[in-house]
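**Q** Residue-level listing of the chains:
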Amino acid sequence: MSGSAAATRVYFREAIARALSEEMARDPALVLFGQDIGRFGGAYREFTGLFERYGAQRVRDTPVAEAAMIGVGVGAAAAGLRALVSITYMDFLMLGLDPLVNYAAKARYKTGGQLRVPLVVKATAGARGQGVAHSQCIEAWLMSVPGLVVVAPATAADAYGLLKSALRHDGPVLFVDHKRLYPTAGELPAEETLVPFGRARIARGGSDVTIAAHAYTVRVALAAAEELAREGVDCEVIDLRSLAPLDVDTLVMSVARTGALVTVEEGQATCGVGVEVAARVREARDGEPFRVARVAALPAPVSSNPVLEAACLPDAARVGAAVRALLS
Amino acid sequence: MLYQLAVPGPIDDVEELRVLEWHVAPGQSFAAGDLVVELETHKAVVEVRAARAGILRSVLAPAGDWQRLGRPLAIVGDDSDEPLPAQADDLAAMLVEFEVT
Chain A
305 MSGSAAATRV YFREAIARAL SEEMARDPAL VLFGQDIGRF GGAYREFTGL FERYGAQRVR
365 DTPVAEAAMI GVGVGAAAAG LRALVSITYM DFLMLGLDPL VNYAAKARYK TGGQLRVPLV
425 VKATAGARGQ GVAHSQCIEA WLMSVPGLVV VAPATAADAY GLLKSALRHD GPVLFVDHKR
485 LYPTAGELPA EETLVPFGRA RIARGGSDVT IAAHAYTVRV ALAAAEELAR EGVDCEVIDL
545 RSLAPLDVDT LVMSVARTGA LVTVEEGQAT CGVGVEVAAR VREARDGEPF RVARVAALPA
605 PVSSNPVLEA ACLPDAARVG AAVRALLS
Chain B
13 MLYQLAVPGP IDDVEELRVL EWHVAPGQSF AAGDLVVELE THKAVVEVRA ARAGILRSVL
73 APAGDWQRLG RPLAIVGDDS DEPLPAQADD LAAMLVEFEV T
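Chains A and B are the protein sequences, given in the same order. Heads up, our numbering is the position in the first sequence plus 304, with the first residue counted as 1. Heads up, our numbering is the position in the second sequence plus 12, with the first residue counted as 1.
These are computed hints drawn from the structure, not numbers from a lab. Some clues are possibly wrong.
As the list claims (entries may be wrong) - Covered stretches of chain A, going by a simulated chain B footprint (3 or more residues, C-beta under 8 Å):
no., stretch
1, 310-322
2, 478-491
Stated by the list, open to error - So these bits of chain A aren't anywhere near chain B, every CB distance computed over 10 Å:
no., residue
3, Gly-359
4, Gly-379
5, Ser-448
6, Ala-461
7, Leu-498
8, Arg-505
9, Glu-531
10, Val-556
11, Pro-605
Claimed, not checked - Calculated cross-link-like contacts (lysine to aspartate or glutamate; reagent style EDC-like; alpha-carbon spacing at most 20 Å):
no., chain 1, residue 1, chain 2, residue 2
12, B, Lys-55, A, Asp-340
13, A, Lys-410, A, Asp-474
14, B, Lys-55, A, Glu-491
15, A, Lys-414, A, Asp-474
16, B, Lys-55, A, Glu-356
17, B, Lys-55, B, Glu-27
18, A, Lys-414, A, Asp-402
19, B, Lys-55, B, Asp-77
20, B, Lys-55, B, Asp-24
The structure presented is a predicted model; accordingly, all values stated were derived computationally and were not measured. Think of the CB as a built atom: it goes at the ideal place given N, C-alpha and C, for glycine as much as any other residue.
Whole structure, please, built from the sequences with the hints as guidance.
**A** Listed below in structure tokens is the structure:
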């Protein structure tokens, strides 16, 4: 089970900690803000070792005040620092939308390029037994903000590579880390490998149907693809990685071969990632027909009752059923 | 008789984990209750203690290696001269006690 000589196997949190540590060493202007990210090392241990190495000036514990945290991050970035603000539950990103959307994302446009806001907001998304206000995936809300990049890795290598790209970008980036990915591990290449924005990854090649997913739902889609393969259905699974900008070319090329598209997300179907994916592919396909289905959370709050939580979320069985219905 | 020492479980959310430190060396004997190996999950350490006495014959997953739940980490035995099989998969599992901290 050990990795090859060229790669190291790491936990998802270790990929994030490594990217942060390397970028802090590279850029002395990079400052981190978050709840319990200092000596405690972060809610998911993803800040482990940074406080000890870079100190309290650069790894700053904040109060539970998300609007102020993001506001301070925007101001610090606009004033010449580079900031990462960690939001432990994406649900509370809502409190910081004004500084993020109205200031960070618009500053460059508003000032004719004189002001840049190199800010990363890392927001931990997803349901894992914590109820209605600690479980949501609202990344689709942010995809429509001009000036804001939105990325959502599914693997340790992409968490590392996308976070490094985000920490070198000169505008605001929303980095979505799904909490169910934290127990997972993956290979990190031996050499530093940045992942560019707007580039999807084909997680599994196939010819019968294209499944587009991001973050934790990539694992759900791959599990469904395994089951469907036993029935003779060959699924292509595309890990979007970057939601804004979206890699429409990769999606279009896949759908041109399969003629069928299933989108999977843990957020809501209405105005969700899948709507945008399907519409963009439709526009690019220039009227050529393809079948489409969306799989998402049910239109209900996510319960802290584990039975109701599981019922609400997309799982491999629901993805499999959607694929079968689409192809029948 | 030979046994396999496998990754114990279930552990919440964990499918695979990393070997942190062996506390018994190959060829060394251990008593019931001894700490044999520590494993590292994404956020916790798993102490694996022997539920019976034995001898650690062969380590299959040294510190830093990864292994999935239920898969073998080492071969243990009642004595030190029984020939070792090529792989541990067919061996009975040795009973362990484990604590996640």
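**Q** Sort out whether Asp-474/A lies within 20 Å of Lys-410/A, counting only the CA atoms.
**A** holds, 13 Å
**Q** Going by Cβ atoms, does Val-556/A stay more than 10 Å from chain B at every point?
**A** Holds: least Cβ distance 34 Å, greater than 10 Å.
**Q** Taking the shortest Cβ-to-Cβ distance between Ala-461/A and chain B, state whether it exceeds 10 Å.
**A** Per Cβ check, Ala-461/A is outside 10 Å of chain B; nearest 15 Å; holds.
**Q** Would you mind confirming whether the straight-line C-alpha gap from Lys-414/A to Asp-402/A stays at or under 20 Å?
**A** Since the Cα atoms of Lys-414/A and Asp-402/A sit roughly 15 Å apart, the hinted pair holds (cutoff 20 Å).
**Q** Over 10 Å to the closest beta carbon of chain B is the bar; see if Ser-448/A clears it.
**A** Label holds. Min Cβ-Cβ 33 Å, cutoff 10 Å.
**Q** Just double-check Leu-498/A for me: nearest Cβ-Cβ distance to chain B has to come out over 10 Å.
**A** Check passes; 24 Å lies beyond 10 Å.
**Q** Compare the distance between the alpha carbons of Lys-55/B and Asp-340/A with 20 Å, and conclude whether the hinted pair is satisfied.
**A** Within the cut-off at roughly 15 Å; holds.
**Q** Under a C-beta cut-off of less than 8 Å, do 3 or more residues of the stretch 310-322 of chain A approach chain B closely enough to confirm the stated coverage?
**A** holds (count 4)
**Q** Is the claim that Gly-359/A lies outside the interface with chain B correct, judged by CB distances over 10 Å?
**A** holds, 24 Å
**Q** Any Cβ of chain B at or closer than 10 Å to Glu-531/A, or is the non-interface label fine?
**A** holds, 17 Å
**Q** Between Lys-55/B and Asp-24/B, does the CA-CA distance stay at or below 20 Å?
**A** Between Lys-55/B and Asp-24/B the Cα gap is close to 11 Å, so the pair holds against 20 Å.
**Q** Is Lys-55/B close enough to Asp-77/B, meaning Cα to Cα at most 20 Å?
**A** Holds: Lys-55/B and Asp-77/B sit about 17 Å apart, inside 20 Å.
Checked against the numbered hints listed earlier, the structure breaks none of them; every hint is satisfied.
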